[in-house]
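Asks: Sequences listed follow chains Z and L, in order. So for the first sequence, numbering that gives the first Met the number 0 puts the first residue at 0; every next one is plus one. So for the second sequence, numbering that gives the first Met the number 0 puts the first residue at 0; every next one is plus one.
Simulated from the structure, these hints should not be mistaken for laboratory data. No false leads were slipped in.
Residues from chain Z shown here face chain L by an in silico Cβ test under 10 Å; the list is partial:
#1 VAL127
#2 LYS129
#3 VAL141
Cβ coordinates follow ideal geometry from the N, Cα and C atoms, glycine included.
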Amino acid sequence: MAILFLVEIADGKVKKASFEAASYASNYANSVGKEAVGLALGSIDDASLSAIGIYGAKKIIHASNAGFDNFDASAYAKAIAEVATQISADTIIISQTLTGKAVAPVVSARLKAGIVSGAVGLPDADFVVKKAAFSGKAFAYVKVETAVKVVAVVPNSFGAAKGDGTATVEASAIAPAASRVTVKEVSRQTGDVAPLPEAELVVSAGRGMKGPENWGIVEDLATALGATTACSRPVADVHWRPHHEHVGQTGVAIRPNLYIAIGISGAIQHLAGVNQSKCIVVINKDPEAPFFKAADYGIVGDLFEIVPKLTAAVKALKASQH
Amino acid sequence: MKFLVCISLVPDTTTKISFVDNDTKFNNDKVQWILNPYDEWYALVRALELKEANGGNVTVVNVGPAENDQVIRKALAIGADDAIRIDVTGEADSYAIAAEIAAVAKSGGYDMILLGKETISYNGSNLGGMLAELLDLPFVSYASKLDMAGNTASVEREIEGGKEVLSVDVPFVISCAKGMAEARIPNMKGIMSAKTKPLNVVAPQGVGSLTSVVKYELPPAKGACKMISADQPEELIRLLHEEAKQI
Ligand SMILES: Cc1cc2nc3c(=O)[nH]c(=O)nc-3n(C[C@H](O)[C@H](O)[C@H](O)COP(=O)(O)OP(=O)(O)OC[C@H]3O[C@@H](n4cnc5c(N)ncnc54)[C@H](O)[C@@H]3O)c2cc1C
Ligand SMILES: Nc1ncnc2c1ncn2[C@@H]1O[C@H](COP(=O)(O)O)[C@@H](O)[C@H]1O
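Please take these sequences and the hints and turn them into a complete structure.
Replies: Written out as structure tokens, the structure is:
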């Protein structure tokens, strides 16, 4: 018996969220005396796959058919279900990236396997899994009653613990089913910082910035920290910032280790997307801003004065560490 | 073109969430139920826009009890032509809901089935993919733009840190996110006509759930926010490093 997890590929590399999926799967596999096996679909070199072994996976099955490079949720789900059956996997772990969110429910229905999506903890002995609900305002404990189970894990909720070891990579001839969806174009931010849902450190700013021309100080702080930038909704609505940066109820929901909110009031719809962050810092000139109630650290003052000083302090800290 | 829009009911965004019966049930007391925002603003309105441009019919479907009818009528007031309510009264998980809708959709000849990206209550993001699989249709998730040329749709969908553009032919299932359309407020004429539009109640197949919620929990209360003087922002960086250990 095995625990199968999905290895996602973006731009020829393993996505960070998949390391966490590997970690989650091998942790759970160890607790029940089974083996964690990954499945990678599409073009990638085997060295990148065997490196996943460091997160506890023993084996990665690689279906390298280039047809998988065109993302189609149904074709992915069919391949996952087929491999799960081949290796008699009773649990399928998929990271809840936007790809994972599309694929996991299709796999669930295909295998008639109960699903917990939004999982933030490991299954217990009765296969009860803690999941986020009510847009971060509560948790639900969901019991899966079927023999085969699907768990979709929230990125950055579990962490990826490094051990040692490499995984063996086994080639699979599985080919994608005829695709009914044709990908025409993929545009993604480039650079080294993690994309938003996977980011551990996020620097976010709102209407308090007064205008897009002022964002340099936010970007400087983010760069100094190695953080990803985000924004509140009104800021994206008026095109001060790109839409994929918008966090909150209508935007991306994130769960970083550190969320720094600059000139954002902390409306309930904004909090819905960020309130699960492990540590929240709020910088706002209004001491009554509701965001302070949800914060761990706060500074009341003018962001235009404070943010450059923070950047300088981060640089000094980093310099002292070298 | 025939559109089917899946609509769910959720507690109003500002509801204070609490639980009863030993934290096993959501506390319905004084809760105002609304249409799930993504279903209403994006899925429904985009279906209406496409119908207005090219002709067709927009049906909304909800799985739930008779108490839902009043909120379902709001979708009719916004402009849907007719509604179906599948009369499920007890607890039902995503799979059970999807299977009920699939049973109705199978014989409906719909060209496009639209859903919200997720419910703001269960945050499952489950239903669209399940429905697509049960009906053997292609599934496109988190769409932020949808245009039709004949039977072919051009869709933009959100991906991590960017977007993907794809094309797909009808029939298909699509889940809708911000960008698809702008919310509409029902006008007087809509509200009046909603009263007489058909709301057909259908008996459920009785498909069982594959999962169940055993317990709910509220997050631990946040400790007090530690305030740092604006004169010493460096202190924040020291605390984030030494105390919070996040940088
Ligand atoms: C149905 C619905 C869904 C929504 N979804 C979202 C969502 O997903 N995400 C989201 O973000 N919003 C969402 N909103 C909007 C939300 O309600 C708020 O309007 C929005 O979050 C406010 O953005 P803001 O904090 O940037 O702006 P504001 O509320 O205008 O706050 C600006 C803040 O900056 C501070 N400030 C100004 N100048 C300075 C300065 N010099 N130094 C320091 N601080 C300063 C002010 O004190 C103020 O607190 C939604 C609203 C609705 C109704
Ligand atoms: N009871 C229901 N009846 C009809 N449609 C529903 C129901 N529950 C959820 N949906 C649809 O499925 C989408 C995703 O729901 P979920 O999988 O719960 O996040 C929602 O945005 C609705 O479009």
